[in-house]
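For the protein sequence lines, the chains are A and B, in the order given. Letter by letter, the first sequence follows residues 0 to 235 of numbering that gives the first Met the number 0. Letter by letter, the second sequence follows residues 0 to 570 of numbering that gives the first Met the number 0.
FYI, nobody ran anything at the bench for these hints, they're computed from the structure. Some clues are possibly wrong.
Pairs of lysine-lysine residues, derived as DSS-like cross-links and limited to a Cα-Cα distance of at most 27 Å, are as follows [what the hints assert, rightly or not]: (1) A/K165 / A/K110; (2) A/K46 / B/K352; (3) B/K323 / A/K215; (4) B/K261 / B/K12; (5) A/K42 / B/K424; (6) A/K6 / B/K315; (7) A/K16 / A/K42; (8) A/K221 / B/K315; (9) A/K110 / A/K225; (10) A/K215 / A/K110; (11) B/K315 / A/K84; (12) B/K467 / A/K46; (13) B/K477 / A/K6; (14) B/K315 / A/K42; (15) B/K176 / B/K352; (16) A/K116 / B/K176; (17) B/K323 / B/K287.
Since the model is a prediction, treat every value here as computed from it, not as a measurement.
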Amino acid sequence: MTTETVKFRIYRYDPDKDAKPYMQDISVELDSTDRKLLDALTKLKVKDDTITFRRSCREGVCGSDAMNINGKNGLACLTDFRDLKQPIELRPLPGLPVVRDLIVDMTQFFKQYHSIKPYVINDTPPPERERLQSPEDREELNGLYECILCACCSTSCPSFWWNPDKFVGPAGLLAAYRFIADTRDTAINERLDNLEDPYRLFRCHTIMNCVDVCPKGLNPTKAIGKIKDLMVKRAV
Amino acid sequence: MRAALQLSEAGLKTAVLSKVFPTRSHTVAAQGGVSASLGNSEEDHWHWHMYDTVKGSDWLGDQDAIEFMCREAPKVVTELEHFGMPFDRNADGTIYQRPFGGHMSNFGEKPVRRACAAADRTGHAMLHALYQRNVRANTHFFVEWMALDLIRDADGNVQGVIAMEMETSEIVVFQAKATLFATGGAGRIYASSTNAFINTGDGLGMAARAGIPLEDMEFWQFHPTGVAGAGVLITEGVRGEGGILRNSAGERFMERYAPNAKDLASRDVVSRAMVTEINEGRGCGPNKDHVLLDITHLDPEVIMSKLPGIREISIKFAGVDPIKAPIPVVPTCHYQMGGIPTNYHGEVVVGGKPVTGFYAAGECACASVHGANRLGTNSLLDLLVFGKSSANSMIDFIKQQPLELPELATSDVERSVARVERLNKQTNGVAVNDARTAMQRTMQAHCGVFRFKDMLAQGVEKILEVEKMVQQTEISDKSSVFNMARIEALELENLIEVAKATMISANARTESRGAHVRDDAPDTAETPNGRDDANWLKHTLWSRDGNRLEYKPVNMQPLTVDTIALKTRSY
């Protein structure tokens, strides 16, 4: 089997022993069956078991292994390391407190997600069978419900960096529109009220970093635009 | 998650401990669907679903539990829709259903559309919908906490768990009136698996260490279509939408193995057919080591709307756009049919009696509805039905308990602390990765799709050698902050229990049934396909103490309908 040496520069910080973070230069032997950055990280961890990152499904649906890869947020399990310039520089997602190495504290991110009431609200008693929804109405949810909450988008957004406590951020707003767009949900007005504020929605300045980095190819900016349209329509 | 919802909505104080943020659990990766005889596209009946499940299980499933699950299915799937699940829709607005392996109408006659789907992301949509509903119900989540051990008092009653907060390594006792395990499977005992890194059988390891036997652990499902080389799952829904398996001659070989159901035969049947094709030299690729899953004849519109995730996986992990070229696939370890023995109320049952305060649901449990082979989409259904029923049992049980919790003995906690201490102090030990790799290779080589008498016997010896390695694992990371090296070492201590249970149970069962197929089980008139009902129509129970094996009868008596009588299984 042919092997190759791949060079990395990895952000390291263990609050238990490091006074401050540093970049570690390390390389690893990878073989032809290794494809993804996560394959490389897994082998790096065999070499040095202190290198710390989250991972689970390794197929891009659980959202665990988001990190900053050569300056751009992405999922390690979906990124081909051979496409990357070496040394491959890995940093934790920007804008959130670092717990250790590539692991960030996502409390603020999930707080914003929870703030939009991420569940269908419908107080009418449910029928015996399913609530009916036309294929066209269901189609409206495509591009919205597939979010994996990896936080690549929100942590690439300057508005979220400045105001993580006040601006809902692209992931949360995508989720907000997912419920607004669901014909089974009856709380559109309440949902719009919840975003009617100088920060929560309107701090989006359509920089579109979120669209650029989303590993699932979703478009939070478009969803945010639709919420803004609904706000305007409601006002007139 | 389904159980937590039921408990929280009943007003109980509910703590959910999870190694990962709840939407990152491996349910998220389920693709094809969740079965229920809604009959939205054509006539269907829960009794037909029950027949298919019993037949799929190769008659090892308990017919009371199977009847319960299939009857409850339309109700729990409808509830899930009410919770906000974004199912695909038919033109009349009802839930979209697709054909799936082993789903037939009228007691095995012809394929039926029973799998309720949200594109090929059903598990993702379901896990998120259940999490979201739990947010609404104010369930308390302890995120990134790993349960270490089950607490049983002197009477054997379960009093909760000992758990470690991953961010701080703090070890804490969670005392509870009722404890439910929904810890998933342990597919990571094999080298090639569709399972996530986190699927390490933690619940099974904890149960085994606490003296609870594990049931039917020899039965592991190898999913026919894992991406060759990568192991990532390609849903059976691909074949449900019209996908075809082809060998190196381009032949649709399933027509020879299952003339009626063809590519939609049960998973064990399709996986064996694929391995046979490869072993007989009709595999594809330069090493002739896989077969091809072909959907190039499907309308690209159908692929884009019904199988978008598959297209993405295929491009990312196989380097193939399935609209243009077939996907290289190979049978890959996917699902554990066995687990912690329960009844259909979700109560853990040992020696014919429920263990007070202890419940289990989902892949970690064995009700047993899947028997020797699970039907596709019955796993998501299992979560919904038994998540709910076990929570209802817990609610009834908790109502009868005194308000005060009993005093715990310190010895309960010491066992977990000792394991962590051993690991911290180990010197001249074995690297976790070396021990894990040894285990995975042994399982793959000695206990795979086809099993051989001699290999199994050697496998038992080898896995007991690997166990000694696991007892001496050493980590160099001693940090107290998010120490994943330590977590992986603790996970391996759970995996090895599952690996031992599997190998020892498989070695003892000298017949072929469902996913367990041996070379030395003869195909005779009395034992068709090697299935020996006279001697082996029974559940295995493996106990950690002395690797003891016991057996208990299969429950052939459904709740309200007649027994589905034993029959030779063909598709």
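Quick rundown of the hints versus the structure:
1. For the hint pairing A/K165 with A/K110, the CA-to-CA distance comes to about 10 Å; that is within 27 Å, so the pair holds.
2. At most 27 Å may separate the alpha-carbon atoms for a hinted pair to count; A/K46 and B/K352 exceed this at roughly 48 Å.
3. Distance restraint check for B/K323 and A/K215: the Cα-Cα separation of roughly 22 Å lies within the 27 Å cut-off, and the hinted pair is therefore satisfied.
4. Between B/K261 and B/K12, the direct Cα distance comes to roughly 49 Å. Violation of the 27 Å bound is thereby established for this hinted pair.
5. For the given pair, A/K42 sits about 25 Å from B/K424 by alpha-carbon distance, which is consistent with the 27 Å threshold.
6. With a C-alpha separation of about 23 Å, the suggested pairing of A/K6 with B/K315 holds against the 27 Å cut-off.
7. As the CA atoms of A/K16 and A/K42 are separated by approximately 24 Å, the hinted pair is consistent with the 27 Å bound.
8. Our distance criterion of 27 Å between C-alpha atoms is met by A/K221 and B/K315, whose separation comes to about 25 Å.
9. For the proposed pair A/K110 and A/K225, the alpha carbon gap of about 23 Å is at most 27 Å, so the pair holds.
10. Simply put, A/K215 and A/K110 have alpha-carbon atoms about 22 Å apart, close enough for the 27 Å limit, and the pair holds.
11. Taken as a hint, the B/K315 and A/K84 pair is honoured in the structure, with Cα atoms around 19 Å apart against an allowance of 27 Å.
12. At most 27 Å may separate the alpha-carbon atoms for a hinted pair to count; B/K467 and A/K46 meet this at roughly 22 Å.
13. The hinted pair formed by B/K477 and A/K6 meets the criterion: a straight-line CA distance of about 26 Å does not exceed 27 Å.
14. Only pairs whose Cα atoms come within 27 Å are accepted, and B/K315 paired with A/K42 is accepted, the gap being roughly 20 Å.
15. The straight-line distance between the Cα atoms of B/K176 and B/K352 is roughly 18 Å, inside the 27 Å bound, and the hint therefore holds.
16. Restraint check for A/K116 and B/K176: the C-alpha separation of about 31 Å exceeds 27 Å, so the hint is violated.
17. Using a Cα cut-off of 27 Å, the hinted pair B/K323 and B/K287 holds, with the two alpha carbons roughly 21 Å apart.
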